[in-house]
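**Student:** Given next are the chains, with one letter for each unit.
Number of protein chains: 4
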Amino acid sequence: MKVGFIGLGIMGSAMANNLLKDGIKLNIYNRSKQKINELATDNFEFFDNPKLVAQNSDIIFLMLSNDEACENVVNSKNGLLEGLENGKIVVNFSTVSASYSQNLYDKVKNKNALFLEAPVVGSKIPAQNAQLIILCAGDKKAYETVNPYFKKLSKRVFYLDNIPNASYLKIVNNQVMGITMQALAEGLQLAKKLNLDLNVVLDLLNSGAFANSMFELKGKNILSNNYEAHFPYEHMQKDLGFAVKLAEDKKAFCPALSIVNETYKKGLANYSKIDMCAIYEALNS
Amino acid sequence: MKVGFIGLGIMGSAMANNLLKDGIKLNIYNRSKQKINELATDNFEFFDNPKLVAQNSDIIFLMLSNDEACENVVNSKNGLLEGLENGKIVVNFSTVSASYSQNLYDKVKNKNALFLEAPVVGSKIPAQNAQLIILCAGDKKAYETVNPYFKKLSKRVFYLDNIPNASYLKIVNNQVMGITMQALAEGLQLAKKLNLDLNVVLDLLNSGAFANSMFELKGKNILSNNYEAHFPYEHMQKDLGFAVKLAEDKKAFCPALSIVNETYKKGLANYSKIDMCAIYEALNS
Amino acid sequence: MKVGFIGLGIMGSAMANNLLKDGIKLNIYNRSKQKINELATDNFEFFDNPKLVAQNSDIIFLMLSNDEACENVVNSKNGLLEGLENGKIVVNFSTVSASYSQNLYDKVKNKNALFLEAPVVGSKIPAQNAQLIILCAGDKKAYETVNPYFKKLSKRVFYLDNIPNASYLKIVNNQVMGITMQALAEGLQLAKKLNLDLNVVLDLLNSGAFANSMFELKGKNILSNNYEAHFPYEHMQKDLGFAVKLAEDKKAFCPALSIVNETYKKGLANYSKIDMCAIYEALNS
Amino acid sequence: MKVGFIGLGIMGSAMANNLLKDGIKLNIYNRSKQKINELATDNFEFFDNPKLVAQNSDIIFLMLSNDEACENVVNSKNGLLEGLENGKIVVNFSTVSASYSQNLYDKVKNKNALFLEAPVVGSKIPAQNAQLIILCAGDKKAYETVNPYFKKLSKRVFYLDNIPNASYLKIVNNQVMGITMQALAEGLQLAKKLNLDLNVVLDLLNSGAFANSMFELKGKNILSNNYEAHFPYEHMQKDLGFAVKLAEDKKAFCPALSIVNETYKKGLANYSKIDMCAIYEALNS
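Residue numbers (our numbering), protein chains in the order written: chain G, 1 to 285; chain Y, 1001 to 1285; chain R, 2001 to 2285; chain X, 3001 to 3285.
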């Protein structure tokens, strides 16, 4: 199996490195070529466009930031679609809207190629440590072919039958995460205005029934003013926006989701590239 | 030390039992006398009013449902205040508004008695297992006197200096809990409308960075339609309401808190006495 | 000019009648033929499908309830598209999503026909009284051709250049209307819980700086429990949902819009077909 | 009748001037004496404290900014209470919380004096033009005594029996106003992001069923970036906060109120002293 990998952002480079370290040769494309300097081995070939990656690979992994970035890679001159043919498998790790994932599936299928959506749960550190959770939907055979590679990247894989179930589940997961994150941020903001010692507040929150490792990590980072991006603020907002649109389409009553998404939107101008826990700052400024 | 205990609700009876099991004799008052049938030993005396409990005890513990219930016990004919005198210690485990806790402190102090606010974190099961977390503020000496009893009820005690710091911290804790609970409920509601398998959704939520024991327990209960009250819905709403008022007084920007409180209010008519995880039902009905 | 008219709902039948009363012969299609009994004159021909209306008309007006209804009429077997040809003008009075309006424009243009989006402001009574406000965007020449008919239906016409500007403006208008409506409903609900005389409350609201005819009419209807549909609840929610999606796409911070839309969604199961002022009931139940 | 007037802010000075212009002599106190330069005639006496005003007057009008300002004037050394005696009438035009109004009533009654709450609807211009609406509750006899003065200040008076009904009604009025104001502001913000011509948007909003003079005035001011305070932003927020607390006490479901209050809170740091229509800016920054 010849393996392609497109997208060397925070997540993509960590995932590509885990494949490289396992001895898998990668055919790589990234918008900016410099990112190859961050790769763990030199067992890769860099191509000038997605079409060439597709032509030279049996499986092509994509890890891109949003619908637009995917569309640019897939459906432009020298894009992925031009290099597809019967039997190749496209695996999209990117979190995209459910409707776009369906759309991608249709485009790939038109080329007689196979498509899996495979959004991942987990940010920078789990990606580096091959501790992601992969949510996969699409052709079962293709899934079985790709699964050995998934195992090199993750601690767990969910197979969810039809597209866009994996997108749906990823969006629900991040809906819950975003609201939970804001719960912590609002609690800390109110605590600050009440002149409570925020370290004591965190200590308590980390001791009770809803203690969790995100509160522990993000709480510490907020208190030390450390907003290095593990999961960028703008991606958190993007995913909340996907959830808002799904809730609209399905007429689900999701008031907290709606208002957390609004709050995230409010801070986009100032915090988009730093970590999503900067919602703490967005509440305050 | 003679010990009084007033209030035998879900929490109070569990806590009183832990003291009784430890061999401590209790002077007890409860609005409805029948509740003594649930006590673990007969090493107690039941009194007909709070005044008598106060007169016969050095330390009086209160565990009541809200400001009004406390005021009725403390400040009515044959109420607690009438039985207080120099040196007695009143310990209020109830979660009340910060302003009422201050008010109680003033009233008790007027009788030359000592007052500790000591709201607890944890619901029915931790209360039964002496695994509560106690948040205590007020006179340091009184705290040191009472602390041995706290240890029989809890896994951890925070001492927070002045009143109403413990009330503040409890309210912040429950603010975060309430929003986090709604995060789960909204996620499950959207997932249901997306025809996802809710067991799979829970499995995922219990595997990621924000997995926590509340999600695990409440998620399972929601899916099995089990709303037996561990922490009653109306108490969750009451605490969210306290947080909303503090956020108003301190001008803290807490949009998710506000909207979660509204959502809880919406369901009061139908769900007040069952578990707070019935917010899942409130979103749907 | 031969004129077609498709859609005889609350709005469509009122508008068609104003054209009929002005002596204009109409080629009519409606899903349910019975609705022709409500027409003001018999100067019309009923056709069995939209294609036939298109073939027999130079201008075809559409007044349908949503994107799906439009798509059914336009783009199905014996649908409108099949009857279009060079020079015919399609005018869509329906309020649809901005993206669908763009999509309709593309489809009609593919047939070398012309397309105007022309959502209307005003509900049942203004429609009956030819007092609508028409918001029109699209080909200027087509607009000039159709404008004489617009004048028979409206007190005012805004021409807004390119599609989907008219859809945008209509959605913004209804965004403001929906929030304003909920402002009234929440005020009355709180007033009721405060035991104020709701007639006095309305009297005051109708006397101050923000007094408006919607408050006057809807307030009176709410107090008399009259929810006959002038502007159906489900259409109000649909338009709020359009606004939410636009706000998401443009990253506009619209917290009140989001939460009003959620509130409207909450009531869909019970109030969808009655008047949008039933939001007062939705807040309470 | 000797008349006192305490508080010469935006509203108070306009109201005092209408009494002065009518030939009524006023006994005046204001925190800053300079404000007397803005008075319309010199038919007044300035006193150094509220006690002296009370001692020298039969009726004392108060127009102050909030609960705290009232408490300072009424209940401090040389405060109003010290100068009250049997039969004097205190009329509070200030908008205060319902609970504080009740509290003021009790304090005044303890001095055997009479108390009316009389919050006004209308801002700077109606105050200047004696076009306010006065909402009055309290002792009926006192109301009849004071009513001739009310008529010199207002276009309309509502008498509402018992305290705090007038406070309640004023708070409901401003709840509806605040949400309606935000409806406009959010509509204009979304319209701007959609590149619509905001003058056209306003033109439309001023033509439809919910057209109102507040939209007309505030819309024009927003578009011309004119935020001179007619009704200060911080007072709008204060009143929304009062409504939020009432809704909490009465368990009224008011999601739009809650979220509009949050939005107003968010802007307090930047916009508190300018006009409440600066909520448009608060949404954007």
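Do not rely on the hints blindly, as some may be mistaken.
As the list claims (entries may be wrong) - Calculated lysine-lysine pairs in the BS3-like style (CA-CA distance at most 30 Å, straight line):
| # | chain 1 | residue 1 | chain 2 | residue 2 |
| --- | --- | --- | --- | --- |
| 1 | R | Lys2192 | G | Lys245 |
| 2 | X | Lys3273 | R | Lys2251 |
| 3 | X | Lys3250 | X | Lys3220 |
| 4 | X | Lys3250 | Y | Lys1273 |
| 5 | G | Lys155 | Y | Lys1193 |
| 6 | Y | Lys1245 | R | Lys2192 |
| 7 | Y | Lys1107 | X | Lys3250 |
| 8 | G | Lys245 | Y | Lys1141 |
| 9 | Y | Lys1193 | R | Lys2250 |
| 10 | X | Lys3251 | R | Lys2220 |
| 11 | X | Lys3220 | R | Lys2251 |
| 12 | Y | Lys1109 | G | Lys192 |
| 13 | Y | Lys1107 | X | Lys3245 |
| 14 | G | Lys109 | G | Lys2 |
| 15 | X | Lys3193 | G | Lys273 |
| 16 | G | Lys250 | R | Lys2250 |
| 17 | R | Lys2250 | X | Lys3035 |
| 18 | Y | Lys1193 | G | Lys193 |
| 19 | Y | Lys1245 | X | Lys3193 |
| 20 | X | Lys3273 | G | Lys193 |
| 21 | X | Lys3140 | X | Lys3035 |
| 22 | G | Lys245 | X | Lys3035 |
| 23 | G | Lys107 | Y | Lys1109 |
| 24 | R | Lys2192 | X | Lys3077 |
| 25 | R | Lys2155 | G | Lys251 |
| 26 | G | Lys109 | G | Lys152 |
Unchecked claim - Chain G is faced by these chain Y residues, among others (derived, beta-carbon under 7 Å):
| # | residue |
| --- | --- |
| 27 | Gly1079 |
| 28 | Ala1142 |
| 29 | Asn1173 |
| 30 | Asn1206 |
| 31 | Gly1208 |
| 32 | Asn1212 |
As the list claims (entries may be wrong) - Here chain R is said to cover these stretches of chain X; the calculated rule only asks that three of the stretch's residues, wherever they fall, bring their Cβ under 8 Å from a Cβ of chain R:
| # | stretch |
| --- | --- |
| 33 | 3011–3020 |
| 34 | 3159–3173 |
| 35 | 3255–3261 |
Source of the hints: derived by calculation from the structure; they are not laboratory data. Even glycine gets a Cβ: it sits at the ideal position worked out from N, Cα and C.
**Student:** Confirm or reject each hint.
**Tutor:** Verification of the supplied hints:
A C-alpha spacing of about 34 Å is found between Lys2192 of chain R and Lys245 of chain G, which places the hinted pair above 30 Å, so the restraint is violated. For the suggested pair Lys3273 of chain X and Lys2251 of chain R, the alpha carbons sit about 28 Å apart, so the restraint of at most 30 Å is met. Among the hinted pairs, Lys3250 of chain X with Lys3220 of chain X is inconsistent with the structure: their alpha-carbon atoms are about 37 Å apart, more than 30 Å. At roughly 18 Å between alpha-carbon atoms, Lys3250 of chain X and Lys1273 of chain Y fall within 30 Å of each other, so this suggested pair holds.
For the hint pairing Lys155 of chain G with Lys1193 of chain Y, the CA-to-CA distance comes to about 28 Å; that is within 30 Å, so the pair holds. Proposed proximity of Lys1245 of chain Y and Lys2192 of chain R is supported: the alpha carbons are some 22 Å apart, at most 30 Å. In summary, the hint linking Lys1107 of chain Y to Lys3250 of chain X is supported, as the alpha carbons are separated by about 27 Å, within the 30 Å threshold. About 57 Å separates the Cα atoms of Lys245 of chain G and Lys1141 of chain Y, which puts this hinted pair outside 30 Å; it is violated.
For the hint pairing Lys1193 of chain Y with Lys2250 of chain R, the CA-to-CA distance comes to about 26 Å; that is within 30 Å, so the pair holds. For the suggested pair Lys3251 of chain X and Lys2220 of chain R, the alpha carbons sit about 24 Å apart, so the restraint of at most 30 Å is met. In summary, the hint linking Lys3220 of chain X to Lys2251 of chain R is supported, as the alpha carbons are separated by about 24 Å, within the 30 Å threshold. Between the alpha carbons of Lys1109 of chain Y and Lys192 of chain G the distance comes to roughly 29 Å, so the proposed pair stays at or under 30 Å and holds.
The hinted pair formed by Lys1107 of chain Y and Lys3245 of chain X meets the criterion: a straight-line CA distance of about 25 Å does not exceed 30 Å. For the hint pairing Lys109 of chain G with Lys2 of chain G, the CA-to-CA distance comes to about 20 Å; that is within 30 Å, so the pair holds. As the CA atoms of Lys3193 of chain X and Lys273 of chain G are separated by approximately 22 Å, the hinted pair is consistent with the 30 Å bound. For the hint linking Lys250 of chain G to Lys2250 of chain R, the alpha-carbon distance of about 22 Å falls within 30 Å, and the restraint holds.
Taken as a hint, the Lys2250 of chain R and Lys3035 of chain X pair is broken in the structure, with Cα atoms around 47 Å apart against an allowance of 30 Å. Restraint check for Lys1193 of chain Y and Lys193 of chain G: not satisfied, since their Cα atoms lie roughly 39 Å apart, outside the 30 Å limit. Simply put, Lys1245 of chain Y and Lys3193 of chain X have alpha-carbon atoms about 34 Å apart, too far for the 30 Å limit, and the pair is violated. Restraint check: the Cα-Cα separation between Lys3273 of chain X and Lys193 of chain G comes to about 22 Å, which is no more than 30 Å; the hinted pair holds.
Among the hinted pairs, Lys3140 of chain X with Lys3035 of chain X is inconsistent with the structure: their alpha-carbon atoms are about 33 Å apart, more than 30 Å. A distance of roughly 54 Å separates the Cα atoms of Lys245 of chain G and Lys3035 of chain X; the hinted pair therefore is violated under the 30 Å criterion. Taken as a hint, the Lys107 of chain G and Lys1109 of chain Y pair is broken in the structure, with Cα atoms around 76 Å apart against an allowance of 30 Å. For the suggested pair Lys2192 of chain R and Lys3077 of chain X, the alpha carbons sit about 40 Å apart, so the restraint of at most 30 Å is broken.
Proposed proximity of Lys2155 of chain R and Lys251 of chain G is contradicted: the alpha carbons are some 35 Å apart, above 30 Å. For the hint linking Lys109 of chain G to Lys152 of chain G, the alpha-carbon distance of about 27 Å falls within 30 Å, and the restraint holds. Restraint check, Gly1079 of chain Y versus chain G: the minimum CB separation of about 30 Å is more than 7 Å; hint violated. Restraint check, Ala1142 of chain Y versus chain G: the minimum CB separation of about 20 Å is more than 7 Å; hint violated.
The interface hint given for Asn1173 of chain Y is met, as the beta carbon of that residue sits about 6 Å from the closest beta carbon of chain G, less than 7 Å. At about 10 Å, the closest approach between the beta carbon of Asn1206 of chain Y and any beta carbon in chain G exceeds 7 Å, and the interface hint on this residue is violated. The interface hint given for Gly1208 of chain Y holds, since its Cβ lies 5 Å from the closest Cβ of chain G, which is under the 7 Å cut-off. Restraint check, Asn1212 of chain Y versus chain G: the minimum CB separation of about 4 Å is within 7 Å; hint holds.
Here's how the stretch 3011–3020 of chain X fares: 0 of its residues keep a CB closer than 8 Å to some CB of chain R, so the rule of at least three is not met and the hint is violated. A stretch counts as covered by a chain when three or more of its residues have a beta carbon under 8 Å from one of that chain; for the stretch 3159–3173 of chain X and chain R the count is 6, and the coverage holds. For a cut-off of 8 Å, the count of residues in the stretch 3255–3261 of chain X with a CB near a CB of chain R stands at 6, and the three-residue condition holds.
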